[in-house]
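> This is what each chain is made of:
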Amino acid sequence: MLRTSRLLLNIIFFLQVLLLFLFFFEDRLSLPVWLQVAGRLHPALLHLPIAGVVFGVVLEFTQGQFKKKAFEKFSLNVLVLTSLSASITALMGVFLAQQGDYGADALTQHKNSGIVLSFLCYFLALTRFYAKRRDILYYGLGIVTAGTVVFAGHSGSELTHGIDFVLQPLRKSSPTEDANASAFQQVVYPILERKCTSCHNRTKAKGRLIMTSLEDLIKGGKNGKEWVPGKPAESRMIQYIHLPVSDDDHMPPDGKPQLTKQEIKLLESWIAAGADVEKKLTDLPEPDSFRILGTASLATMYIVQREEKTYPFSGADEESIKEMNTPFCSVFPLYQNSPALQADFFIRESFQSSSLERLKEVKEQLVVLNLSKMPVTDNDLRVIGTFDNLEKLNLNFTKIDGSGLLSLSSLRHLESLSLAGTSVTTQSLGPLLTMPSLRELFVWNTQVSEEDKVKLSATYPNVTIITTVFKDDQILRLSKPLLVNEGVLKKGDSVHLRHSMPGVTIRYTLDGINPDSIASSTYEQPFSLTTTSTLKAIACRQGWYCSEMLETTCFVEGLKPKGAHLMTPPDKAYPGEGDKSLTDGRKGFIEDFKEPSWLGYQNNPLAAAFEFDEGTPEKHSIVISYGKNTGSHIFPPEAVEVWAGRNSQDAKLIKSVKVTQPVAYDTPQISALLIPLPAAKHTYFKVVVKPVSKLPTWHSAKGKKGWVFVDEVFFY
Amino acid sequence: MDNEFIKNRMHVTRRHFLGKMSLGLGSVALGSLLIPDLFSGKDDTPFPVGLPHFAPKAKRIIYLFQNGAPSQLESFDYKPLLSKMRGEELPASIRMGQRLTGMTSGQKNFPLVGSHFKFQQYGKSGAWVSELFPNTAKIVDELCFIKSMHTEAINHDPALTFMQTGAQQGNRPSMGAWLSYGLGSENKNLPAFCVLLSRGRGNGQGVYSKLWTNGFLDSIHQGVQFSSSEERVLYLKDPNGRDREDSRKMLDHLAQLNELNYQEFGDPEIQTRIQQYEMAYRMQTAVPELTDLAQEPDHIIKMYGADCLTPGTYASNCLLARKLSEAGVRFVQLYHQGWDQHGNMVGEMPLQAQDVDRATAALIMDLKQRGLLDETLVIWGGEFGRTNYCQGDMSNNNYGRDHHPRCYTIWMAGGGVKPGIAYGESDEFGYNIIRDPVHVNDFHATVLHLMGLNHEQLNFKHLGRRYRLTDVAGKVVKGILA
Numbered sequence: 246m247l248r249t250s251r252l253l254l255n256i257i258f259f260l261q262v263l264l265l266f267l268f269f270f271e272d273r274l275s276l277p278v279w280l281q282v283a284g285r286l287h288p289a290l291l292h293l294p295i296a297g298v299v300f301g302v303v304l305e306f307t308q309g310q311f312k313k314k315a316f317e318k319f320s321l322n323v324l325v326l327t328s329l330s331a332s333i334t335a336l337m338g339v340f341l342a343q344q345g346d347y348g349a350d351a352l353t354q355h356k357n358s359g360i361v362l363s364f365l366c367y368f369l370a371l372t373r374f375y376a377k378r379r380d381i382l383y384y385g386l387g388i389v390t391a392g393t394v395v396f397a398g399h400s401g402s403e404l405t406h407g408i409d410f411v412l413q414p415l416r417k418s419s420p421t422e423d424a425n426a427s428a429f430q431q432v433v434y435p436i437l438e439r440k441c442t443s444c445h446n447r448t449k450a451k452g453r454l455i456m457t458s459l460e461d462l463i464k465g466g467k468n469g470k471e472w473v474p475g476k477p478a479e480s481r482m483i484q485y486i487h488l489p490v491s492d493d494d495h496m497p498p499d500g501k502p503q504l505t506k507q508e509i510k511l512l513e514s515w516i517a518a519g520a521d522v523e524k525k526l527t528d529l530p531e532p533d534s535f536r537i538l539g540t541a542s543l544a545t546m547y548i549v550q551r552e553e554k555t556y557p558f559s560g561a562d563e564e565s566i567k568e569m570n571t572p573f574c575s576v577f578p579l580y581q582n583s584p585a586l587q588a589d590f591f592i593r594e595s596f597q598s599s600s601l602e603r604l605k606e607v608k609e610q611l612v613v614l615n616l617s618k619m620p621v622t623d624n625d626l627r628v629i630g631t632f633d634n635l636e637k638l639n640l641n642f643t644k645i646d647g648s649g650l651l652s653l654s655s656l657r658h659l660e661s662l663s664l665a666g667t668s669v670t671t672q673s674l675g676p677l678l679t680m681p682s683l684r685e686l687f688v689w690n691t692q693v694s695e696e697d698k699v700k701l702s703a704t705y706p707n708v709t710i711i712t713t714v715f716k717d718d719q720i721l722r723l724s725k726p727l728l729v730n731e732g733v734l735k736k737g738d739s740v741h742l743r744h745s746m747p748g749v750t751i752r753y754t755l756d757g758i759n760p761d762s763i764a765s766s767t768y769e770q771p772f773s774l775t776t777t778s779t780l781k782a783i784a785c786r787q788g789w790y791c792s793e794m795l796e797t798t799c800f801v802e803g804l805k806p807k808g809a810h811l812m813t814p815p816d817k818a819y820p821g822e823g824d825k826s827l828t829d830g831r832k833g834f835i836e837d838f839k840e841p842s843w844l845g846y847q848n849n850p851l852a853a854a855f856e857f858d859e860g861t862p863e864k865h866s867i868v869i870s871y872g873k874n875t876g877s878h879i880f881p882p883e884a885v886e887v888w889a890g891r892n893s894q895d896a897k898l899i900k901s902v903k904v905t906q907p908v909a910y911d912t913p914q915i916s917a918l919l920i921p922l923p924a925a926k927h928t929y930f931k932v933v934v935k936p937v938s939k940l941p942t943w944h945s946a947k948g949k950k951g952w953v954f955v956d957e958v959f960f961y
Numbered sequence: 284m285d286n287e288f289i290k291n292r293m294h295v296t297r298r299h300f301l302g303k304m305s306l307g308l309g310s311v312a313l314g315s316l317l318i319p320d321l322f323s324g325k326d327d328t329p330f331p332v333g334l335p336h337f338a339p340k341a342k343r344i345i346y347l348f349q350n351g352a353p354s355q356l357e358s359f360d361y362k363p364l365l366s367k368m369r370g371e372e373l374p375a376s377i378r379m380g381q382r383l384t385g386m387t388s389g390q391k392n393f394p395l396v397g398s399h400f401k402f403q404q405y406g407k408s409g410a411w412v413s414e415l416f417p418n419t420a421k422i423v424d425e426l427c428f429i430k431s432m433h434t435e436a437i438n439h440d441p442a443l444t445f446m447q448t449g450a451q452q453g454n455r456p457s458m459g460a461w462l463s464y465g466l467g468s469e470n471k472n473l474p475a476f477c478v479l480l481s482r483g484r485g486n487g488q489g490v491y492s493k494l495w496t497n498g499f500l501d502s503i504h505q506g507v508q509f510s511s512s513e514e515r516v517l518y519l520k521d522p523n524g525r526d527r528e529d530s531r532k533m534l535d536h537l538a539q540l541n542e543l544n545y546q547e548f549g550d551p552e553i554q555t556r557i558q559q560y561e562m563a564y565r566m567q568t569a570v571p572e573l574t575d576l577a578q579e580p581d582h583i584i585k586m587y588g589a590d591c592l593t594p595g596t597y598a599s600n601c602l603l604a605r606k607l608s609e610a611g612v613r614f615v616q617l618y619h620q621g622w623d624q625h626g627n628m629v630g631e632m633p634l635q636a637q638d639v640d641r642a643t644a645a646l647i648m649d650l651k652q653r654g655l656l657d658e659t660l661v662i663w664g665g666e667f668g669r670t671n672y673c674q675g676d677m678s679n680n681n682y683g684r685d686h687h688p689r690c691y692t693i694w695m696a697g698g699g700v701k702p703g704i705a706y707g708e709s710d711e712f713g714y715n716i717i718r719d720p721v722h723v724n725d726f727h728a729t730v731l732h733l734m735g736l737n738h739e740q741l742n743f744k745h746l747g748r749r750y751r752l753t754d755v756a757g758k759v760v761k762g763i764l765a
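Which chain is which? The protein sequence lines are A and B, in order. If you read the first sequence in the numbering used here, its first letter stands for residue 246, the second for the next number, and so on. If you read the second sequence in the numbering used here, its first letter stands for residue 284, the second for the next number, and so on.
Just so you know, the hints here were simulated from the structure itself, not pulled from any lab data. It is possible that some hints are incorrect.
[As the list claims (entries may be wrong)] The following label-pair restraints were derived from C-beta to C-beta distances: (1) B:R531 to A:P814: 52 to 58 Å; (2) A:S668 to B:I717: 53 to 59 Å; (3) A:S595 to B:E514: 54 to 60 Å; (4) A:P907 to B:G406: 41 to 47 Å.
[Stated by the list, open to error] If you want a taste of the chain A side facing chain B, the calculated C-beta under 10 Å gives, among others: (5) P502; (6) S575; (7) F591; (8) S661; (9) L662; (10) N690; (11) T712; (12) L721; (13) K725; (14) P771; (15) F772; (16) Y790.
Please read all numbers here as calculations on a predicted model, not as lab measurements. Backbone N, C-alpha and C define an ideal beta-carbon position, used for all residues, glycine too.
Turn these sequences into a full structure, and let the hints guide you.
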C-alpha cells in the first residue's frame, strides 16, 4: 500500500512540474486536438478534488470512531487520490483556458487559484506521507487548502454561470418600469440578460461579444455588428438564433435555455423597427409591431410591482383601532402594513353623531370613509372636515341637504365624493368644485339636473360630475301581482294580493273573464270567498304597461265529510297518504308530484267515496283540484262521474262531465274543476276521475295513457 | 378575526406539539427550500388573514354566473365565417383532435353553423354584441371582454366546480370562501359570501351547495344561500311568541355553553358557531333593510326591469346583489340557470338573454352612478363555451351547440380592470385561441390580484400540504389590469 502511495506521489510530482512548465510557457504552446478534448473534461473532473478535500476534512473530524491504523491508511489514500485528481484537473483547466473565450481577469484568478490548490494538495499529501504525525503545519496546510477549494471553485463557477451567480436570487431584480426608460431597456435588454449574457459578458466574452454594456453590444463581436437596423433577416444575431439547434453556431447553444417564440418575435420586430436603443415604446407609431408586441410583453414580463402609495403619517395604535370596531362600525387598514385606514358604518338605527366623534383618534390616518345610508346630517360634516387625509368619502343616501358642505372644503386630499340620493342642491356644490384634488363627484338622484351638470362640467373640467348614467325612455311591462295566501282558505280567511311597487293598482276578476285596466274591480283590501274561484289579476301603473295576468285558483274549505275512502288504489309510485289525502286540506306543489299530497292514477280511474253525517247542508257543487303538466304526461281528467245517494247501495250517477283538454304544451299549474250538482240531501258521494286514455296527437307520446293527479276534493 | 386565529394557534394539542417538535429543524431546512423568500428579509410568518396583501383595486365582487354555458357565438364572439361556411364540415386542422362529449361523440359529421342572430359593433370600443343583448350593448365601454378563456373540463359539473373552486372535484373552497378567508367581512352584520339563485326558461343544469362550500376552511366562510321566496333568508324571523329580548338572552346563554365546550375541546368550529349565531342575530336587523325592494325608487325599478320585484328572478337577484354589495358583502355569487342550448338555440337563447340583459346592464350602471363601480368587480360568464358546429339536426331555422372547453368568452367590469377592451382572440372559426389564452387558474389568480391578494400566498394547510385557489398554477393576466 505504501508503495502504491509512493508511486502515485511520484506521478503527482511529475504532473506538478508539468503544470508549472505550462503555467510559464503557456503562450508559446499550441495544443494538439486530443488535449483540447481532455481540456473540455475539466468541468466534469473538477468535482473530484472538491469532494476529496471536503471528505478529507470530514475524516479528520471522525477519526476517533475508527481503528487507528486502518484510519491512517485510509486517510492517506484519500489525500493522495485527491492530490492526483487536483493535479489532473488543474492541467486540464490550463488546456481549456487555451481555447475558451474567457475574460482575462476572472480567468487568471481561477487559473492561479487552481494551480495553487493542486500544489497545496500535493504538499498536504507529502506532509502526511513523511511526517507520520499531525502537527500545526499539517492542520494549517489543511485549513488553507480547504479555503482555496472554496475560492477556486467559486471563481470557476463565475466563469461558467456569470458573475455573482450564487447570490443572484437574493437580489431583487428591478425590471425597468420607469416610464422614461427606452423600449430597449424595457423589453429588449431583459431578453438578452436572461438568455445571452451568461456567456457574453466581460468575464466570459464568448466570440468576443459582450452584451452587458450598450457600447460593447453595439460594437458587436469578433465577426462585427450583430444587427442591421431594419433588416432582421440580415442580422447575425437573428440568423444565429434561427440556425438548427444542432448547428454549432446556433444561439443560445444546445443545452442552454432557448429563446421563446415570443422573445424571437420581439427581437426581430425591434430590429425591423430600426434597432433603436433610445426611443420609448410610446415614441413608435401605434401600428408598429414592435410597439404592440413590446407593450404586450411589458404587461406579462414583469410581475406588476404595484406602486404602493406612501403616506406622510404613521399607523394608528392597533389597540385603539380594535376598540373602534363594533358590529356597526368597521375600521381597518387598507392593506397589510398600511398606515391608511378605512371606516365603514352599518345599520342605520345604530348610527349616532357620536359614532363619528370616536373616529377622531385616527383622524390623521382615515383615508376612506363610508357613511352610505347613515342618518348623517350637515352638522356632522364639521367632524368629517377634520379628517385631513380623507381621499374618498361616501355620503350616498344620507340626510344632508348640502348646507354644511363648506366644512368639507378643508379636505385637501379628497378625490372622490359621493352624494347620490341626498337633498344637496346645485348651489351647495360650489365650495366643493374648487377643491384642489377632487376628481369625481357623484350627484345622481339629487336636485342637480342634467343641465346643471353640463354647466358645472364646463366651468370645472377637472371634476367628473356623475348624474344619471343609464337613460332609457322605453316603456316597460310591470311584473305580475303576487298572491300572498298559500294553501286552502279557511272560514274567515281572505284573499290577499300584493305588488311590491308602490303606486300600483291591482285589478282582478273572479268570473274567469280576463281583467282589464279600466272596468275590472280594483283591489283595495283583502276579500273573502265563499267558494273555490279562479282569480285573474293584473297590475297597472302610470308610465308602465300593465303586467301579464296572474291566473290562479283560490281554493276554499268546503263541507267536511265524516269519512273518505279510496275505492281504487293509486299508482304505487304516487300513493299519497291513502284515504285521507283528498280531504286533509293540504294542497300539493306543482313542482313535485311525488309529494304526499298528490294521488296519481294512470291505468285505472280514481274512484273515491265520501260520507257525510245526516243533517249536513245540501251540497250544490263539487270541486276537484287537479294538477297539470303536459310535458310530463299529466293531463286534466278525461271525464268525471259523480254518484250520490243515502249510502253506497243507493248511489246513482247524478252527474257526468267531460273536461276540455289542452291543445298544445302549456305551463304546469293546479286547476279546479267545478261541478255544479242538482240540489239534494245526499249523504253518500262517489267520485270517479278518469285519466286520459290516449294522449292527443300533438303530444310526443301520442296514443299512450295519460296521468291524472288529484290532491283534494271539496264539497260546497 | 386575527385574534381568533391567534387564539386558535395557541390551543396546541399534545399531538400537534410532539409533531411540531420532531419536525422542527427539518421543516426549517425544507421550508427554506420551498419558500424562496425565506432568507431575503421578508417576513416569513404566515399571512395575517383578513387584510389584502397589497393595495386592492376592488373591494367586492359580484359574480353573475351564467350556468349551463351561454354560447359565445350568439353573444359576444362574432364569427361571420361560420355563417359563410354554414353546413360545411369542421376542418380536422381546426378541431385538432378535440375530444367530444358523450352527446356528440356518435354524430357522423360536424357541420359549421353561424349565429342566427345579428351582430353589430357598439360604443367607442367597437365591441361586437349580438342583437340579443341590446342593453349590454349600451354599456360595452365599461366592459372588459376576455375572449380567450379556456378550461379543462368538458361537462357541466366538473367545469362549473373548476370555475368556482379551482378544482374539478368537489369539496375545495369556493372563490367566495377563499376571499372571505383572505379578506374577512367588511360588514359584521352580514355573511361575507352570499349566494343567489335564479332559473331561466332555457334548458337548465343544476347547481349544488358544493359550489359555495367552504371546503376545508372554517365554516364561517361558507356561502349563505338566499331563498328565492319572499322571505330571502329563511328562519331569520323570531318565531311567534319570542321577541328579540328573549333571543338575546337565549343566545347569551347558548354562547356561554358553547364557550365551555370550546374550553374543553378547542375545536375552532365551536367558535365559528358562536359567531354565526351572533351574526344571525344581527342579520335580523340588517337583512330586512336590504331585502325590502319596495324602498327602491321608481327609476331604479325601471332600470332593472319590473321583474326585479319578483323574488327569485335574475333581475331581483341583481338588485339584491347591488344592495348586498353596497352594504359591504365581499362576494355575491349569482347563478342563472338555463344556458345549456344543445338544441333549440333559436328558441331558448333569446329567452335567456332577455332574462339577464337588462338587469345586468342596470347593475353595472347602478354601481357606477353610486360611485361604487371602481371598487366592485363584476364578472359575467359561464363554465365553458359552445361548439362552432351544430349538435343534432340542423334545420333552416334552428340548431344546437355542444360543450366547448377550448375557447369561450366572459366579461368583467369595474374594480381594476381595463374598461372597453377585448383581451385575447379566437380564430375565425371561434374554435381555438390564437392570442393571449386565459386559463381558469389565470382567471382566479387575476381576480385575487384585483382584490389585493397574491394567489400564491393565499393558502391554507390541509392534509399535510398548503392549498391555494389556483393550486399549483395560475398567472395574473396583466393585460386586463387598469
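> If a hint holds in the structure, say so; if it doesn't, say that too.
Evaluated hints:
The supplied range of 52 to 58 Å is met by R531 (chain B) and P814 (chain A), whose beta-carbon atoms lie about 54 Å from each other. Our hint of 53 to 59 Å for S668 (chain A) and I717 (chain B) holds, since their Cβ atoms are close to 54 Å apart. Separated by about 23 Å at the C-beta atoms, S595 (chain A) and E514 (chain B) break the suggested range of 54 to 60 Å. At about 46 Å, the CB distance of P907 (chain A) to G406 (chain B) agrees with the hint of 41 to 47 Å.
Checking P502 (chain A) against chain B: minimum C-beta separation of about 19 Å lies over 10 Å; hint violated. Nearest Cβ of chain B to the Cβ of S575 (chain A): about 6 Å, under the 10 Å cut. The hint holds. Interface restraint check: F591 (chain A) against chain B, minimum CB-CB distance 5 Å, threshold 10 Å, status holds. Against a cut-off of 10 Å between C-beta atoms, the interface hint on S661 (chain A) holds, since the closest Cβ of chain B lies about 6 Å away.
At a threshold of 10 Å, the smallest CB-CB gap from L662 (chain A) to chain B is about 8 Å, leaving the interface hint in force. Hint status for N690 (chain A) relative to chain B: holds, with the closest Cβ pair at about 7 Å, below 10 Å. Among the interface hints, the one on T712 (chain A) holds; its C-beta lies about 8 Å from the nearest C-beta in chain B, closer than the 10 Å criterion. Of the supplied interface hints, the one on L721 (chain A) holds, with its beta-carbon coming within about 6 Å of a beta-carbon of chain B, less than 10 Å.
Restraint check, K725 (chain A) versus chain B: the minimum CB separation of about 7 Å is within 10 Å; hint holds. At its closest, the beta carbon of P771 (chain A) sits 16 Å from a beta carbon of chain B; the interface hint therefore is violated under the 10 Å criterion. The restraint placing F772 (chain A) at the interface with chain B is violated, with a minimum CB-CB distance near 21 Å, outside the 10 Å limit. At about 9 Å, the closest approach between the beta carbon of Y790 (chain A) and any beta carbon in chain B falls short of 10 Å, and the interface hint on this residue holds.
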